[in-house]
Each structure stands twice: as structure tokens, then as C-alpha cells.
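Visitor: As they're listed, the protein sequences go chains A and B.
Numbering follows full-length UniProt numbering, in which position 104 of the first sequence is assigned residue number 104; successive positions increment by one, without gaps.
Numbering follows full-length UniProt numbering, in which position 223 of the second sequence is assigned residue number 223; successive positions increment by one, without gaps.
The hints are simulated quantities; they were obtained by calculation from the structure and are not laboratory data.
Idealized CB from N, CA, C, for every residue including glycine.
Please note: incorrect hints may appear among the correct ones.
Quick look at which bits of chain A chain B covers, simulated, 3 or more residues with Cβ under 8 Å [said to hold, decoys possible]:
#1 200-208
#2 214-226
Keeping only pairs whose Cα atoms sit at most 30 Å apart, straight-line, the calculated DSS-like set for lysine-lysine is [what the hints assert, rightly or not]:
#3 K30/B / K239/B
#4 K30/B / K9/B
#5 K129/A / K117/B
#6 K9/B / K19/B
#7 K193/B / K30/B
#8 K123/B / K18/A
#9 K198/B / K123/B
#10 K117/B / K18/A
#11 K239/B / K9/B
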Amino acid sequence: MSDVSQTHASLAPSSAQKFRQRFLPFLVFGAILLLIPMTDPSRTMYALMHQMAIYIVFALAYNMLLGKGGMLSFGHAVYFGFGGYLCMHAMNWIDDGGVWGAFPTFFLPVLGFVGGAVSAVVIGSFSTKRSGTTFAMISLGVAELIFAGAFMFDSLFGGEQGISGDRMNGPEVFGLSMGPQSDIYWFMAFWTILSVIAMYAFTRTPLGRLSEAVRDNPQRVEFIGYNPQRVRWLVFSISGGFAGLAGGMSAVNYEIFTPEALSLIPSGFVLIMAYVGGITYFAGPIMGAVLLTYMSSMMSDFTEAWLLYLGLMFVLIVMYAPRGIAGIVFGFWDGIRGANSAELLRKWSVQLLGCLLMLIGLIILVEVSVRWSNGWGEAFEPFGLHFTHADIVTWIAIFVPIVAGGYVLRLATREKEEMPA
Amino acid sequence: MTTPALSLKNLCKSFGPAKIINDVTLDVAKGERHAIIGPNGAGKSTLFNLISGLYTPTSGTVSLNGTLISGVAPYEINRMGLSRSFQVSNIFSNMTVRENVRCGVLHSLGQGYSFWKSVTSSKEVQEKTWEVLEHCSLLDKANTPAALLPYADQRALEIAITIAGGAEVILLDEPTAGMSHSETDRAVELIRKSTEGKTLLIVEHDMGVIFDLADRISVLVYGEIIASAPPSEIRGDPKVREAYLGDEALPEETA
Numbered sequence: 001m002s003d004v005s006q007t008h009a010s011l012a013p014s015s016a017q018k019f020r021q022r023f024l025p026f027l028v029f030g031a032i033l034l035l036i037p038m039t040d041p042s043r044t045m046y047a048l049m050h051q052m053a054i055y056i057v058f059a060l061a062y063n064m065l066l067g068k069g070g071m072l073s074f075g076h077a078v079y080f081g082f083g084g085y086l087c088m089h090a091m092n093w094i095d096d097g098g099v100w101g102a103f104p105t106f107f108l109p110v111l112g113f114v115g116g117a118v119s120a121v122v123i124g125s126f127s128t129k130r131s132g133t134t135f136a137m138i139s140l141g142v143a144e145l146i147f148a149g150a151f152m153f154d155s156l157f158g159g160e161q162g163i164s165g166d167r168m169n170g171p172e173v174f175g176l177s178m179g180p181q182s183d184i185y186w187f188m189a190f191w192t193i194l195s196v197i198a199m200y201a202f203t204r205t206p207l208g209r210l211s212e213a214v215r216d217n218p219q220r221v222e223f224i225g226y227n228p229q230r231v232r233w234l235v236f237s238i239s240g241g242f243a244g245l246a247g248g249m250s251a252v253n254y255e256i257f258t259p260e261a262l263s264l265i266p267s268g269f270v271l272i273m274a275y276v277g278g279i280t281y282f283a284g285p286i287m288g289a290v291l292l293t294y295m296s297s298m299m300s301d302f303t304e305a306w307l308l309y310l311g312l313m314f315v316l317i318v319m320y321a322p323r324g325i326a327g328i329v330f331g332f333w334d335g336i337r338g339a340n341s342a343e344l345l346r347k348w349s350v351q352l353l354g355c356l357l358m359l360i361g362l363i364i365l366v367e368v369s370v371r372w373s374n375g376w377g378e379a380f381e382p383f384g385l386h387f388t389h390a391d392i393v394t395w396i397a398i399f400v401p402i403v404a405g406g407y408v409l410r411l412a413t414r415e416k417e418e419m420p421a
Numbered sequence: 001m002t003t004p005a006l007s008l009k010n011l012c013k014s015f016g017p018a019k020i021i022n023d024v025t026l027d028v029a030k031g032e033r034h035a036i037i038g039p040n041g042a043g044k045s046t047l048f049n050l051i052s053g054l055y056t057p058t059s060g061t062v063s064l065n066g067t068l069i070s071g072v073a074p075y076e077i078n079r080m081g082l083s084r085s086f087q088v089s090n091i092f093s094n095m096t097v098r099e100n101v102r103c104g105v106l107h108s109l110g111q112g113y114s115f116w117k118s119v120t121s122s123k124e125v126q127e128k129t130w131e132v133l134e135h136c137s138l139l140d141k142a143n144t145p146a147a148l149l150p151y152a153d154q155r156a157l158e159i160a161i162t163i164a165g166g167a168e169v170i171l172l173d174e175p176t177a178g179m180s181h182s183e184t185d186r187a188v189e190l191i192r193k194s195t196e197g198k199t200l201l202i203v204e205h206d207m208g209v210i211f212d213l214a215d216r217i218s219v220l221v222y223g224e225i226i227a228s229a230p231p232s233e234i235r236g237d238p239k240v241r242e243a244y245l246g247d248e249a250l251p252e253e254t255a
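Full structure from sequences and hints, please.
Guide: Listed below in C-alpha cells is the structure:
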């Protein structure tokens, strides 16, 4: 039998592979988090990174549902919100002293997890009875219901002003006063890395695997001894917990929570983040969260049409790159290490050229249109150029690159179709 | 008399006015290999769905080892030791072959819904998974995504998932449908090997497979069982010839 076990061992991933795939990425991620403060980031950078951290955890939690569990939710911000609100109240209880006074603010995300998980257990008890479209519709209804309800219960949700608090109360842990941004950085880094590892570990547990099985084929799961509804409910509850944890991080970061936080807008935003990043990869939502947070805070400085670009990107990814940014990145990585890397590189450069050309035309079109619509007679002036809507040169600069880019892209596709030899 | 492994009593199933299964009574003894044949639309798959819990009977009962299972959820019936395969490959297509089989193994080895330990932490689960893979000759394809398997291997995986939980009563719904001759031979060998000492209920169109494999055959026509007997008797039964086989000849005894 020894040769049989030999074959088994050679078929299972080797320990070197395991290290490379399962541990190395986390070590690199951890190292990056440790190194960032040494670059002495500005206040803006800190604020941006903290927002990224919150969204990384939130998007990963969301992807436990969408990518791994096959549940499309339009209302996951509800659990983010419940977690966050619980933490805001707890922050005020800490302020009041008493028993709560001994609770360190640093550990508030634990309460966020509890808040998110408990609300997800309750709401999931009926919403996860169905999957697919029914589940999606219930999630939408629940989100609307909770959002509307939030304005009725002022003592819980604080009405339009929301609930605010002060994070600098309670005992200090790890020597962090929780005041300055650099203290909050370590708080964010700690909870992000902990959540990322925990959520990755979850994918490797029996329940994590069953969740994928239920996504692929709920009927078959019934015939291997598991109740798919039960699997969905459990996964939903844990996902709600991590969403609540992200809410707790947000509560500590901003020291305020308003009902907007559990509305459909953040629910939609987290969906877009996870999808743009790539829901079939564990790392996808992380990439999506980093990119979209960056875009939403940085691009709004450059252009007032940034939401339009964001929407365009989402539509294009859904249509042409359904595996998201992660799919593109990992596909590229596999491609350049593959056998015909030169051929692929050439093809990609042509495609990239086509995309860039179209993008140039599109950006000029959008920017000129926005200024035209504003009616202030402002011109779009990138790199010392001058584009106004009344100038025929502008329209040439818009349509020539778009048409040329489209032609290049078509050429690249046609070549691909003719290639199989 | 010992309790039969599977016992159907006056089982009926109607969809609206359509009576699909009509007063079926059938006992399958422990360790018996029982085949169900019948023309298309006779209700064979419906019968399987009734037994495995996918459908609830309109009237009548199904018992597994003497325990009433009609109206019980499929996953509970499965835990009681009845496992089934499907006519159309019903696998977890985005997972690898090994992960597919491992999912089938999990519950029988007490893994439950746990999310506090790694799926690889149980040596028993790993070993059982390899064992089933080897048994079904899928070892060399262990790391292939299930969706990329050739058809015959998908059917083998279907059987692998079905037997992985170690159920004592196995229901196979047309396991060799759409296979070539050599593939069918391989599949029959696999079925024979996998159901050694177990109770098997099989629906099949390939008469060669049926007469080769079954200890007893039931003929289902328009939702009713018109005959239930050993292969030799079924072959000679004029009622069966008339109702089901028409002029299509049953394989003659070659001796």
C-alpha cells in the first residue's frame, strides 16, 4: 500500500505549494501593513488607508455571500450598520463609565461582530430560506425597511444627525490612546489582518466548503446529508458578523454613525467593490476595495464626473472581464509565465493600445460634456491643451481615438478567432 | 421475515389530475440488487424522487429499514443511510473532483456544519476521500475541476459522490445513460464493486446492464408495477413483453 499513499501525497498540494499559496500572501500583506507607517504618511493618506481597511473587511464579508455562497444581497450594509451602531452606543456607555468604563475602545469591533451576527441570525432566519432572485429581493426589502425604520427610532439611530461619540475614553491597550491617526492605523491594521486571516480560514473549513457546494448545486447538497438552507443561514450569519466588525472599525474611525450607513447606497457600493475586484478570487474584494476607495476619494478631486467613470468601469467589467481585476491580474501573471508568453504579451499590448485610445476619446467627451452642461463656459485643459464644445477640433479629438481604438480592438479579437491552428 | 431495506406501500403521486405513480407496492430486501425498467414517462424518476424525499407522496408510505421516511427531508433520509445519484450529472461543477468527493464524505464522518476547524484537519476525511477516488478510478483526475471532466468521468464522479457517505441503500438513476460500450462495461464494474453487500435500486434503459446486474426486476408501466420477479422470469413474462417491450426482444439466454 505504500505506493498508493505515495500517489496520494504527490496529488495533494506539497508543503512548499501550501506555503506559497496560503501563507506567503498573508506574510507579505502583514509586512506591507508594518512598513507603511515608516513612510510617514500624511493625514490624508491615513484617512484614505483607514477607509480602505474598513472596506476591505466589508467587501470580503460581502463576498462570503456573493462569491462563495452564491447569495446576491442588495442590503448587506444593514449588518455593517447594526454592528456600527452598537459600537457607537458602546462608545457612549464607555464614556459614561460604570462597568462599561473598563471596556477598551480598541476591542469595539468585537461588539460590532456580535451586533452584525445577531441581526443577521434574526433576518437570515427567513431571508435565507430561499436563494437566487427571491433572496436578492428579500435583502432589498429588508434594507429599505430597516433604513425607513431607522428614522422612526431616534434613540437607537439618532435620527438624521445619527449617533456620535468619543473614542478616547476607556482603558488604553497596547499603549494606544486611540486619539491620533497613527494610533488608529494600528487599530485598523490589527483588525484588518485578523479579519482577512479569519475569513480566509473560513473558506477552508467544512462549512466554507459546503457553502461553495450550495452555491454550485443546492439540490445535490441535500443528498449528501446537509440542509442547504441551514448552510446558507450559517454563512449569512458569519458574513453579517464580519460586516458588523467592519461597521465597528468605521464607528471608531469616524466617531459617528448615521442611518445613511445602512441605506442601499453603501450596500450597492460594496457589491460593486466585490464584483469589480473579482468575486471568484479570495483576494478579489481586497483589490476592489482598495481601488474603489482610492477612486472615490482621489478621483473626486480631479473630476466631478467620477461617478460616471465608476459606473462605466463597473459595466465594462461585468461585460468583458467578469472575473474582475483579480482575474485580469492573475490571468496576466499566469500568461507571462506560460509557454506562449511572447504571443500573449503582443496580443495584450494591442488590446491595451485599443483600450487606451478609446479611453482618451471618452475622457475628452465626458469632461467637455460636463463643462458644457454646467454652462460656465469653462474649457477642458489637460496638459496645456484646450478643448471646448464649440470647437470642431474637440470633436475630432473625441471621435478619432474612439473609432481607432474600436478598430484596433476588433482587429485583436478577429486575430484571436483566426489563430487556432 | 426480516424487515426489507426499502418498502413502498400503496404509493401514489399525482401532479394535479395526472396520476404519475399509482398504487405502487414494492419490497426490496437487504443486499438485493433491484432494477426498475419501463418505457419513457412510466414514472421511474418520479418514483426515485418519492423514495429519496424530493417529492412527498400524495398517499402511501415509504419505509427505510422499517422506519417511515415519506415526508422526511432529503438530507435527513440521506443521514439515515439512503443515497441517490441523478440521471443528469448533478455535481459541484466549480470544485475539483477531490473536493466533490470530500463534500460527500463530510457528514458521514461527523464533520457537521463546523467552521472552527480546517477541512483538512480530519485524517479520516482525507483517507476516505482518497479511498473513494481510487475506488472509482478518479485518482489521476483528483485535481481537475469537475466541470472539465469528460462525460463518462462525470458519471463516475456522480456515483463516487453517491457512495462517498457510505450509505447502505443506493439508488442509481440511469447511471450508464449516454455511454459507449466500453464506458458502460467500466460503469457496470464500478457499480457492482461499489454496491457489494449493499442494497441497490437502479433505473436503467440498457437491458444488457439490467439482466447482467439485477437480482430482481420490476416493470413500471404508466405508474404501476405490472411485474416483479427475477430476470429469468421477467424475460418470459408475456404481460411484460406485451406492455413494455412490444416487439423489442429481450436478450435471450446465451447458453
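Visitor: Next, verify each hint and record whether it holds.
Guide: Status of the hints after comparison with the structure:
Proximity of the region 200-208 of chain A to chain B, defined as three or more residues with a beta carbon under 8 Å from a beta carbon of that chain, is established by the 7 residues found. Check result for the region 214-226 of chain A against chain B: holds, 11 residues qualifying (beta carbon to beta carbon below 8 Å, three or more required). For the given pair, K30/B sits about 28 Å from K239/B by alpha-carbon distance, which is consistent with the 30 Å threshold. Straight-line distance between C-alpha atoms of K30/B and K9/B comes to about 17 Å, which keeps the hinted pair within the 30 Å bound.
A distance of roughly 26 Å separates the Cα atoms of K129/A and K117/B; the hinted pair therefore holds under the 30 Å criterion. Between the alpha carbons of K9/B and K19/B the distance comes to roughly 16 Å, so the proposed pair stays at or under 30 Å and holds. A threshold of 30 Å between alpha carbons decides the hint, and for K193/B with K30/B the separation of about 17 Å falls inside it, so the pair holds. Restraint check: the Cα-Cα separation between K123/B and K18/A comes to about 17 Å, which is no more than 30 Å; the hinted pair holds.
For the hint linking K198/B to K123/B, the alpha-carbon distance of about 25 Å falls within 30 Å, and the restraint holds. Distance restraint check for K117/B and K18/A: the Cα-Cα separation of roughly 17 Å lies within the 30 Å cut-off, and the hinted pair is therefore satisfied. Restraint check: the Cα-Cα separation between K239/B and K9/B comes to about 23 Å, which is no more than 30 Å; the hinted pair holds.
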